Amino acid sequence: MKTNDLILRTTTALIAFILLAFSIYLFLAGHNAPGGGFIGGLMTAAAIILMYMTYGLDTMNKVIPLNFKLLVPIGLLIATLTGVGSFVFDQPFLSQTYTYVHLPILGDAELATAMLFDLGVYLTVIGITLTIILSIADDN
Amino acid sequence: MIYAVFAPLVMTLLIPFFNKWKDKIHTGWFLLPIPLFIFLYFVQFIGEGFSPVAESYQWIPSLNISIDFYLDGLSLLFVLLISGIGTLVLLYSIYYLHKSERLGHFYIYLFIFMSSMLGVVLSDNVYVLYTFWEFTSISSFLLIGFWHYRERSRYGALKSMLITVFGGLSLFAGIVTLTYITGTTSIQEMINQKDIIIDSPLFPLILIFIILGAFTKSAQFPFHIWLPDAMEAPTPVSAYLHSATMVKAGIFLIARFSPILAGEPMFFIIVSLFGIITLCWGSYMAVRQTDLKGILAFSTISQLGMIMAMLGFGTKAAIFAAVFHILNHATFKGSLFMIAGIVDHETGSRDIRKLGGLMTFMPISATLALFGVFSMAGFPLPFLNGFYSKEMFFEASLHLDGYGGQFIPFFQQAIPYLAVFGSIFTFVYSMYFFFGTFRGEAKMGELPKKPHEAPIGMLISPFILVLGVILIGLFPNLVNGTFIAHSAEAIYGSAVEKDIYFWHGLTYPPLIMSIIVVVLGTLLALTRQKWAGIYTIFPRNLSFNEVYNYIVDKTETASTKITNKYMTGSLRHYVLYILIAILVVSGVVFFLTNGFAIDTSGLSTLKLSDVPDILVGLTMAIAAIGTIFTNNRLSAIIILGVVGYGLAILFVIYRAPDLALTQLIVETVTVAIFLLCFYHLPDLKKIKEKPSITLTNSIISIGFGALMTIIAISAHSSKWFEPISNYFLETSKPLGGGYNVVNVILVDMRGLDTLFEITVLGIAALAIYGMIKLRRDKEAK
Numbered sequence: 001m002k003t004n005d006l007i008l009r010t011t012t013a014l015i016a017f018i019l020l021a022f023s024i025y026l027f028l029a030g031h032n033a034p035g036g037g038f039i040g041g042l043m044t045a046a047a048i049i050l051m052y053m054t055y056g057l058d059t060m061n062k063v064i065p066l067n068f069k070l071l072v073p074i075g076l077l078i079a080t081l082t083g084v085g086s087f088v089f090d091q092p093f094l095s096q097t098y099t100y101v102h103l104p105i106l107g108d109a110e111l112a113t114a115m116l117f118d119l120g121v122y123l124t125v126i127g128i129t130l131t132i133i134l135s136i137a138d139d140n
Numbered sequence: 001m002i003y004a005v006f007a008p009l010v011m012t013l014l015i016p017f018f019n020k021w022k023d024k025i026h027t028g029w030f031l032l033p034i035p036l037f038i039f040l041y042f043v044q045f046i047g048e049g050f051s052p053v054a055e056s057y058q059w060i061p062s063l064n065i066s067i068d069f070y071l072d073g074l075s076l077l078f079v080l081l082i083s084g085i086g087t088l089v090l091l092y093s094i095y096y097l098h099k100s101e102r103l104g105h106f107y108i109y110l111f112i113f114m115s116s117m118l119g120v121v122l123s124d125n126v127y128v129l130y131t132f133w134e135f136t137s138i139s140s141f142l143l144i145g146f147w148h149y150r151e152r153s154r155y156g157a158l159k160s161m162l163i164t165v166f167g168g169l170s171l172f173a174g175i176v177t178l179t180y181i182t183g184t185t186s187i188q189e190m191i192n193q194k195d196i197i198i199d200s201p202l203f204p205l206i207l208i209f210i211i212l213g214a215f216t217k218s219a220q221f222p223f224h225i226w227l228p229d230a231m232e233a234p235t236p237v238s239a240y241l242h243s244a245t246m247v248k249a250g251i252f253l254i255a256r257f258s259p260i261l262a263g264e265p266m267f268f269i270i271v272s273l274f275g276i277i278t279l280c281w282g283s284y285m286a287v288r289q290t291d292l293k294g295i296l297a298f299s300t301i302s303q304l305g306m307i308m309a310m311l312g313f314g315t316k317a318a319i320f321a322a323v324f325h326i327l328n329h330a331t332f333k334g335s336l337f338m339i340a341g342i343v344d345h346e347t348g349s350r351d352i353r354k355l356g357g358l359m360t361f362m363p364i365s366a367t368l369a370l371f372g373v374f375s376m377a378g379f380p381l382p383f384l385n386g387f388y389s390k391e392m393f394f395e396a397s398l399h400l401d402g403y404g405g406q407f408i409p410f411f412q413q414a415i416p417y418l419a420v421f422g423s424i425f426t427f428v429y430s431m432y433f434f435f436g437t438f439r440g441e442a443k444m445g446e447l448p449k450k451p452h453e454a455p456i457g458m459l460i461s462p463f464i465l466v467l468g469v470i471l472i473g474l475f476p477n478l479v480n481g482t483f484i485a486h487s488a489e490a491i492y493g494s495a496v497e498k499d500i501y502f503w504h505g506l507t508y509p510p511l512i513m514s515i516i517v518v519v520l521g522t523l524l525a526l527t528r529q530k531w532a533g534i535y536t537i538f539p540r541n542l543s544f545n546e547v548y549n550y551i552v553d554k555t556e557t558a559s560t561k562i563t564n565k566y567m568t569g570s571l572r573h574y575v576l577y578i579l580i581a582i583l584v585v586s587g588v589v590f591f592l593t594n595g596f597a598i599d600t601s602g603l604s605t606l607k608l609s610d611v612p613d614i615l616v617g618l619t620m621a622i623a624a625i626g627t628i629f630t631n632n633r634l635s636a637i638i639i640l641g642v643v644g645y646g647l648a649i650l651f652v653i654y655r656a657p658d659l660a661l662t663q664l665i666v667e668t669v670t671v672a673i674f675l676l677c678f679y680h681l682p683d684l685k686k687i688k689e690k691p692s693i694t695l696t697n698s699i700i701s702i703g704f705g706a707l708m709t710i711i712a713i714s715a716h717s718s719k720w721f722e723p724i725s726n727y728f729l730e731t732s733k734p735l736g737g738g739y740n741v742v743n744v745i746l747v748d749m750r751g752l753d754t755l756f757e758i759t760v761l762g763i764a765a766l767a768i769y770g771m772i773k774l775r776r777d778k779e780a781k
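Note that the protein sequences, when read in sequence, are chains A and B. Using the UniProt record's numbering, the first residue of the first sequence is number 1, and each one after it goes up by one. Using the UniProt record's numbering, the first residue of the second sequence is number 1, and each one after it goes up by one.
Sample of chain B residues at the chain A side, in silico, Cβ under 7 Å:
#, residue
1, D658
2, L661
3, L676
4, G737
5, G738
6, Y739
7, N740
8, N743
9, V747
10, L752
11, L755
12, G762
13, A765
14, Y769
15, I772
Note that these hints are calculated values from the structure, not bench results. Fair warning: this is a prediction, and the values are worked out from it, not measured in the lab. Note that beta-carbon positions come from the ideal geometry of N, C-alpha and C, so glycine has one too.
Hey, can you work out the whole structure from these sequences and the hints?
Structural data, given as structure tokens:
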């Protein structure tokens, strides 16, 4: 018998998006405020897990047809490539730099190569957390 | 010279190809020229005006190790023995070993041995000598175990390996010490630095190390026990290795180092005492044997003891006699081994109780044996070389150099009596060997084969050796000036000129001793049946084989026991060992270096606003203690969560927002994973431990906690360097472009750490995934 969990589903629909938005904020704000790829990734993973808990594995596998295991190598690849990229500019491995660009609407914004590295961390952490928890949860 | 030494070794590479045709031509025929050429090459050095020859080849110059060959009289005597008897043994083995045997293996082992033995006697560099020395041990091991499907062969091979390698390693210690003192690796240069070595406080150590090496190799008491068991080897091997060459390597070693060591009272006592004991013990035990080769093995032991004793005496006459006897022993013992092999080969048995009356069947072998045996017994006849060296031995035992000390004069007086005692038994077992085999009644029924004379090819080698016995007996001075004198000079250090005569007159004491030996020996040999019962009284259980077996057994069982004791397979015990080790090592270092320090100056003062910290801290402490005492897994997980969240709060209080965030989320995730696993775990049972175990566990835990606390306090109290954090605070914005210093450090300044941390996490995730998936697949199967 399926329990009626309407309240949970409704609140999850709201909270999950807030969580996702907050996690992206944490990720983007990392360079200048508390946050960063690691916390952001964990938070995103938390949001996705909340959805899994509410809607069940089968539903979620339809909604997010994504193999989270793939995120681990992708993230690691991005992180490594940002390091290798510094060779192109004749710099040591993992040298970072930053610059300011003027964007049409947002005005002056800071762009740092460290952000790319953090993106790698972010994706890896999401992949890791979801792989671990889903493979344990999936196990009978 | 280097070609001569390495020729057999190079030849081993070709042996497998020769071996392909072994059905048509016996592999030995291809190899026979090698030792013969080596022999002929070295024969040209013989002569009155011989002077040492040196050759040098680089090997490891940076370690001062080069392949230096030094051919002096001593080396020459040995290389001639090795190559000469090697040729004869090879010839003999062609007839002895059947084509169905693994001939390739046999000759490869034999040639490795020949090369290494030549290397041992020619090397001037101690390390090269040691290398060859161990090669002789290894090839001897392979040869003894040649018939590896026999249990006794394997036992004998292992025993000889253990004992000789023990001695070899001791020799290694000796030469390392010698190089350390003298700074050279050349034996000749060490001899020049004799005074430095003798004055060194390490001298007794060197002496013991080298003597141990020589005694184990040369089967001296009490390391003689491997030699009788090595008789499981094919007879050509016994004749070659265990009578003429390898067992003389120890003799060679003592002779080689004599210019350094001899003349010291300690050297005299150890070498001659053990030599004499070996002489007596070996000849006493030989009479007890029933196996022909067993008799010869103990005979070899006893003769080696005699040579060793003479080297120990260190007088001019004794060293001359020793060198002479090395040559004589090689001739008659080699021939006797070959005849024992012939008897075995033609009758199918070596048991002297089954043999007898073979003279009519094997007249030639019997004649050859007759000469060998009487030479070995030292019978006073002018055509037996054994007599000369035995008489010289008696003479040497009567004229010893005086040494100080209380024990030595007594010992010196006892030596001639012991020598006569040993020689009487030598006479007895020699007669026993000959008459037991060739005279008396033939017991045809007990022999596996009908006895008949050996093929002529088999008889050539013992014939040549016996010819040597007679020739040296008839013209002893022929070998004297040409190379015995040179050998003795190499050992003694100065010229040794001596003529050998058969007749010294009736009142000459050594002759009287010889006559006593013959008379008493004949009496004892005739009445052997009556007194043979003495062997059931002594040694009975006092044999050194028992000691050896006891040691080997005990070592095995004791190490098994010890390993089983601490390798319990219980992780609890291993963790205990690790913790105790850390506790003891760190604690001792702390104590010794006086490392404990408390410095309160760097601490902040406690204020009213700190109350939350203390409360959080207290809660965490209580929760931590609570986990120890809870019996419920669920509550343990939740209480552990309290500690984690408390830590997050502390991070907030101590202004580490990134850490606090991470800690909060990680703690949540771990608690969630704990709860996921929780369903699969069995109930947590209250484990009833013995109070003593609980007590040790708590003592160690408390001790470990205390240690960590002390280390933390001390580390905090001693600030030796300016922290690097100021640099990060200053450069975070200008260099990294961010205000979040923690994040800038993580992704920019120390990005490599982060890269590998996420790699670690990735591996962990894949491992968990794999573990669960693979297990599921396995269950599906």
